[in-house]
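Asker: Position 116 of the sequence shown, counted from 1, bears residue number 116 in full-length UniProt numbering, the numbering being contiguous throughout.
No lab work stands behind these hints, which were simulated from the structure alone.
Be aware that one or more of the hints could be misleading.
What the hints assert, rightly or not - Below are the EDC-like pairs computed for lysine to aspartate or glutamate, each with C-alpha atoms no more than 20 Å apart in a straight line:
(1) Lys3 with Glu15
(2) Lys191 with Asp110
(3) Lys19 with Glu7
(4) Lys13 with Glu1
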Amino acid sequence: EKKKAKEAAEKKKEEEKKKAAKEAEEKKKQDVIQAQMEALQAQLEALKSPEKGGEAKEEKKEKKKEAESDDEDGGAAPAKRGGGGQFDFYNESKGTKGLSKKEVDTFRTDKEISIENFNLNPILSFADLNVDPKLKAVTDKFERPSPIQASCWPICLSGRDLVGIAETGSGKTLAFGMPGLTHIKELGQAKSKSPVMLVIAPTRELAMQSAVVLEAAGATIGISTLCVYGGVPKHEQRAALKKGVQVLVATPGRLMDLMQEKACDVSKVSFLVLDEADRMLDMGF
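Using the sequences and the hints, build the whole thing.
Answerer: Written as structure tokens, this is what we have:
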């Protein structure tokens with residue numbers, strides 16, 4: 001009996017030791033991930049805050065490019081409302097603008113939608129979505145915008161920040177994809193050598209799913225998409241980035257690696273998406 005009790009005690013002690021070691025290893029991993037994300041955020045902030053002289057110079061260049069793009073395209077459609085400044089590309093249709101308060105309230109109540117700090121009507125029909133016709137063609141197989149799309153498009157096209165919550169399979173990729181691709185086109189950056197739109201996703205699977213949708217939609221207006229993630233060699237991803245890409249979908253770890261190697265330039269990113277941000281927070285990102 002004493003021998004059995006001793007063996008049981010030793011077994012329990014060994015299990016506790018393994019558990020403590022596992023917890024310590026997990027904490028170490030989380031600390032590394034946290035440090036990587038803080039470094040990534042610092043790099044992004046640094047790239048977004050050039051010295052005033054350089055910033056003014058770049059702003060003049062961008063204005064010149066936009067003016068040239070407007071001349072070539074016959075002039076971009078004027079932004080109507082939203083307060084997104086230079087990134088406001090929303091041209092509200094008569095149909096959307098003409099919706100009554102009762103119609104809007106009924107739609108939001110029926111779809112269980114809650115919106116704070118924004119007053120534009122939802123886009124209830126694809127006919128009322130004023131984006132490039134070639135880009136809009138990707139919606140032809142759908143009957144109407146999903147609730148998250150109808151609600152997000154006016155906000156995102158207006159150049160406003162947004163936190164959107166919706167179920168999986170609700171069409172959220174196009175909810176941010178349509179405005180993001182329009183953003184690139186209207187800025188005259190469809191041939192940019194470095195990313196203008198950056199989508200960060202928690203897992204390789206989710207990143208690949210979003211990239212497939214964005215690649216198909218972007219191809220209609222000459223915008224290319226690249227997906228980078230860990231677990232595969234980097235050389236092909238580096239080569240693709242060197243060729244030039246306007247939309248980059250990435251997992252945090254691989255993005256950080258490529259930035260540290262100076263293989264990925266995010267200085268032109270002006271449309272940022274954190275896809276499934278809650279999952280990234282849960283995972284320690």
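Asker: Quick one, are Lys19 and Glu7 close enough, alpha carbons at most 20 Å?
Answerer: The given pair, whose Cα atoms are some 18 Å apart, holds under the 20 Å limit.
Asker: Does Lys3 pair with Glu15 here, judged by a C-alpha cut-off of 20 Å?
Answerer: 18 Å, holds
Asker: Is the hinted pair Lys191 and Asp110 satisfied, with a Cα-Cα distance of at most 20 Å?
Answerer: 42 Å, violated
Asker: Lys13 and Glu1 were given as a pair; does the straight-line alpha-carbon distance stay at or below 20 Å?
Answerer: Cα-Cα ~18 Å, so holds.
The structure does not agree with numbered hint 2 stated previously, though it agrees with all others.
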